[in-house]
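Peer 1: Per UniProt numbering, numbering through the sequence shown is continuous, rising by one, with the last residue being 471.
It is worth saying that the hints were derived from the structure and are not from the lab. Be aware that one or more of the hints could be misleading.
[To be verified] Below are the PhoX-like pairs computed for lysine-lysine, each with C-alpha atoms no more than 25 Å apart in a straight line:
(1) K10 / K422
(2) K120 / K20
(3) K115 / K325
(4) K201 / K171
(5) K201 / K156
(6) K255 / K111
(7) K189 / K177
(8) K177 / K432
(9) K171 / K189
(10) K156 / K20
[As the list claims (entries may be wrong)] Across the chosen pairs, the derived CB separations fall in these ranges:
(11) V94 / L421: 17 to 25 Å
(12) K399 / D183: 27 to 35 Å
(13) C341 / Y315: 21 to 29 Å
Treat the numbers as computed from the prediction; the structure is a model and nothing was measured. Positions of the beta carbon are idealized from the N, C-alpha and C atoms, including for glycine.
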Amino acid sequence: MQYREGEKGKMHDVNFIGVKVNCPGCITNGPNPDCSVCGEHRTITFSTRPFQNTPVDIQNVTENPLEEFVSWIIDSTVSDTVAFSHFGGRFDMVLVFKELFLRGLTPDMIKKGNKLYEMKVKVGKKNWVIFRDTFNLMPMSLASLVPAFALSVEDKPFFPHMVNRPENYGKEIFPVKDDYLADGMMPDKRAQFDKWYEQHKNEPFNLDESLASYCTNDVEILMAALVAFRREFLEVSNGLDVLREAMTIASACMKHFRTNHLTSQHLGIVPEKGYDNADNQSLLALRFLAWYAEEHNVNIRNAYSKEGEKRFGNYRVDGWVEENKLVIEVNGCCWHGCKKCFPDDEIRLPNGVTAGIQRERDERRLEFIESFGVEVEVYWECEIRSMLSRDRVMRLKFKNYLDNGPIDIRSAFFGGRTGPLKLFHKTGEGQKISYYDVTSLYPFINMSTRYPIGHPEVHILKQRRQMDSTI
């Protein structure tokens, strides 16, 4: 990828793409020259400049390699295709997404923050092109993959990325150490680089030819590593195809564990609505119903009651007072189209319908509920907030309300966000930009920690209070 100076700094433009094609059959049994899936063209390049010294099956020279690549992979797909790129979730796949977007395609994405894990584009009626990041399966640099899997491919060479600019096309130049980003290398790699540089610094560098050699070597390394990784995982997991079944090493290990080690009745599957068997209800409604029950000395059945919300046909109501045959509804203004807050019938609410249509729906719903011979009281969010502004005791009771509803077990899995808070920053005087990473402790914790099995015994706070009060 070349760069050029833009208004806000360096702009990256794709000027070379290397592709290596392999089907599951050829991955398992070795390349078959007569394979009808892979075809005869297995190494394909898309570049802005021609080259002579690197053998490939098809060389596409074009002003926009990324556009040509996306057209090729979309138009040539006749079955599900998985496109792997190393560290693509923060780099290659982001650039491809932009090109897909410009073509009017909206891929399905799995991402966390600004990191893409998977990007799927539907082609035709039933086929998909799936982009995945191999760094999530093999978390190491491309150069490290060669010794890690004892690959019989050429080692990844040093490359002067800072000279990858249009003005260097067709020239013989002599890059300096800064062009190789030498100051950012780890000590061991820097020592290797310094030794290599002293041996080659007087050799002329041709960007057109070196770019082709460097990028095709990258895809050779990645393909060989994926084949080796798949083969080894098949052996240890009794037949699990990691490239098809998983997008991260964590998911691959979990599938292996579930398939080969997890015993029956060992891990409890948490119910979708938690263990309390309660429906969702807004905190404002729960606070208001608790205040109303105390204020009017009545028992109100709500979402957290043992029976759940009262139903009339297919409709559930927020509160139900059995002794008074009274329905209490607490309506959020922006969800139900409060006439005071949203007087315009054409304004669109967060649920996608207009305020006028939502009011008509609510009116028909209330008419149906009233047909059961019950009384209905509707309280709007803005009315409740107005009451709170005037009533200090009510405000205090709202503040002291303890939400003893169901526990959301999945909330325990939420961690900190690691995406950047600022995407671009130009250093000023006395400033520098540093990047720190902490090696994950998850493997150690998972290996050394005892985990609970089965289903938990749930203690509901409200019931516990009632038990304590009777002792």
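Peer 1: Compare the structure with each hint and give your call.
Peer 2: Each hint tested on the structure:
1. K10 / K422: The given pair, whose Cα atoms are some 16 Å apart, holds under the 25 Å limit.
2. K120 / K20: holds, 19 Å
3. K115 / K325: violated, 53 Å
4. K201 / K171: Status holds; Cα separation ~16 Å.
5. K201 / K156: holds, 18 Å
6. K255 / K111: holds, 20 Å
7. K189 / K177: holds, 13 Å
8. K177 / K432: Judged against 25 Å, a Cα distance of about 21 Å means the pair holds.
9. K171 / K189: Roughly 28 Å between the alpha carbons, so the hint for K171 and K189 is violated.
10. K156 / K20: Roughly 16 Å separates the two Cα atoms, so the pair holds.
11. V94 / L421: 17 to 25 Å: This hint holds: roughly 18 Å between Cβ atoms.
12. K399 / D183: 27 to 35 Å: Since K399 and D183 have Cβ atoms about 56 Å apart, the given range 27 to 35 Å is violated.
13. C341 / Y315: 21 to 29 Å: holds, 23 Å
The structure shown violates the earlier hints numbered 3, 9, 12.
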